[in-house]
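**Q** What follows is each chain in one-letter form.
There are 2 protein chains.
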Amino acid sequence: MNIHRTALTLALAALLPLHASAQTAPTTAEVLANAPADAWRSPDPAHTLYLELPAGRVVIELAPDFAPEHARNIVTLAHNRYWDGLSILRSQDNYVVQWGDANAGSDQARPLAPAKSKLPAEFDRSADGLPFTALADGDVYAPQVGWSQGFPVGHDPATGRIWLTHCYGMVGAGRDAAADSSNGAELYVVIGHAPRHLDRNITVVGRVLDGMQWLSTLPRGTGALGFYEQPEQRLAIPRLRLASDVPAAERSALQVMRTDSASFAQLIEARRNRREDWFISPVGHVELCNVPIPVRASP
Amino acid sequence: MNIHRTALTLALAALLPLHASAQTAPTTAEVLANAPADAWRSPDPAHTLYLELPAGRVVIELAPDFAPEHARNIVTLAHNRYWDGLSILRSQDNYVVQWGDANAGSDQARPLAPAKSKLPAEFDRSADGLPFTALADGDVYAPQVGWSQGFPVGHDPATGRIWLTHCYGMVGAGRDAAADSSNGAELYVVIGHAPRHLDRNITVVGRVLDGMQWLSTLPRGTGALGFYEQPEQRLAIPRLRLASDVPAAERSALQVMRTDSASFAQLIEARRNRREDWFISPVGHVELCNVPIPVRASP
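First to last, the protein sequences are chains H and B.
Anchor point for the first sequence: position 271 equals 271 in this note's numbering, and the numbering is continuous, going up by one each time.
Anchor point for the second sequence: position 13 equals 13 in this note's numbering, and the numbering is continuous, going up by one each time.
Bear in mind the hints are in silico, worked out from the structure with no lab data behind them.
Using N, Cα and C, we set each Cβ at its ideal position, and we do this for glycine too.
Don't take every hint at face value.
[Said to hold, decoys possible] Pulled a few chain B residues facing chain H out of the computed Cβ check, cut under 7 Å: (1) A134; (2) G138; (3) Y141; (4) D180; (5) E287.
This is chain H alone, in the form it adopts within the complex (with noise of 0.2 Å):
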């Protein structure tokens, strides 16, 4: 699977006019080389987590503007530290893997006091006064979509309203029954195929930036929804923090690429027409979750 295009494809795009243009624009790796400085932009500490697991730190970014009452909740557990020593609960292949407290529910729940125990569901708002950056391509289960504030996102502008989409690692707060069951103790993130039949219908709370990895790859659980069957399958969670808790030096230094900057619309079209030579197609189209948005360490 190396990256080669035919002398007949680039033939055959000297004849088309689209093609012809196409062929002037950047594909990713020139794109990210090439971006300037006001181009990326460093996430809030204050609304950045760090999950520590035994192999490595996976940072998650909040979403304060679409989900504001789980980011207030979510930050305040993480500050008093109340997921430290709780677990890694499911993990279910090509769907999630989520963690919580096992006992949540009963009277061995841990307490989530200063927390709230009650939020209302925030499965979507208005899209006033936020940037959207459409895309072109459609999309099976939106109106529209496209990314906002860092963010992949769908949007109806019949109702004016907008939503986080189901990408592979996206953060999302469990629920139960009730739309406004959950609270964010209980976390989960995308690790398969998109499952975006999910929008809209439950709380999507961030995104993971980097170390997706020590999620992905954790083994899966046996139970129904891939839940571990033992309690000793459950992998422990030796901290929680915000990044703003944790010395200046021991943060994680990310950028993330603006979504409405230049050099991020260069980017979809380099995901829509694939320029690098081993494409015998360019494609043409691109899925919403197929653009990733890129995270970088700061220079």
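Take the given structure of chain H and dock chain B to it, following the hints.
**A** Only chain B this time, still in chain H's reference frame:
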């Protein structure tokens, strides 16, 4: 993430003809429980591979209708134990796991004979003579998508061509620059969000029916494209066999739901409109790669 639906949604459903009729349609679990015996087929042992890893067996069904030359070569390679002692070379998060000969292309390469070293590209084929179950919800990448012979496919009614699509668990034949540079000796499996941009750019040869977790949880390689940087990081393959070369008592007795059956049509509908109680919104659409093609133990 338990499964319930609110009283409000049930009340709304009663008011809407679409939902009212949907209300009587089965859920995924009901479809699986009630599918008649003739909705299932047993994969052909002569076109089924067992990749035996230390953790467990990965069962792969080849697709000779879509990639006849590659299927024939892979059968020859497996019958001659070509992969025994070779290794998994690559594990790239949210993309693919790949195995083959680390020395391919060098003087130390393991000989392929009696298998062929050169095959035609088999990126697509004529749809003539193949069953096709269409998905009504559209697709970002292909004019039409659906299923044929137990595999997810793209279809172009304008050209009459049909091709296997890169959904989770699909298996393809790695290639170099030239379209016809794959020979089936190096195989990859999709372990993340469907990389549909690979469709019609590479030859897809089959699908994993069982044991995906033994591939998807492999440690990720730290080199470019997820290649393992050190030879000792590679996972040696104890053996890879054709099911028909394994004594009957040692075979995995699996059945696959026929994708041209009434049960599969019900399953598609059950995935388009989620009637499980947990869903607040039944969704109303489904993407090709979010419809599982059920596999069960033979009864």
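**Q** Go through the hint on B:E287 and say holds or violated, using the shortest Cβ distance to chain H against 7 Å.
**A** holds (4 Å)
**Q** Using 7 Å as the Cβ threshold, decide whether B:A134 counts as touching chain H.
**A** violated (14 Å)
**Q** Would the stated hint for B:Y141 survive a check requiring a Cβ distance to chain H of less than 7 Å?
**A** Nearest chain H Cβ about 5 Å off; hint holds.
**Q** Identify whether the interface hint at B:G138 stands, where standing means a beta carbon of chain H within less than 7 Å of its own.
**A** holds (6 Å)
**Q** Going by Cβ atoms only, is B:D180 closer than 7 Å to chain H?
**A** violated (10 Å)
This entry does not satisfy hints 1 and 4, going by the numbered hints stated previously.
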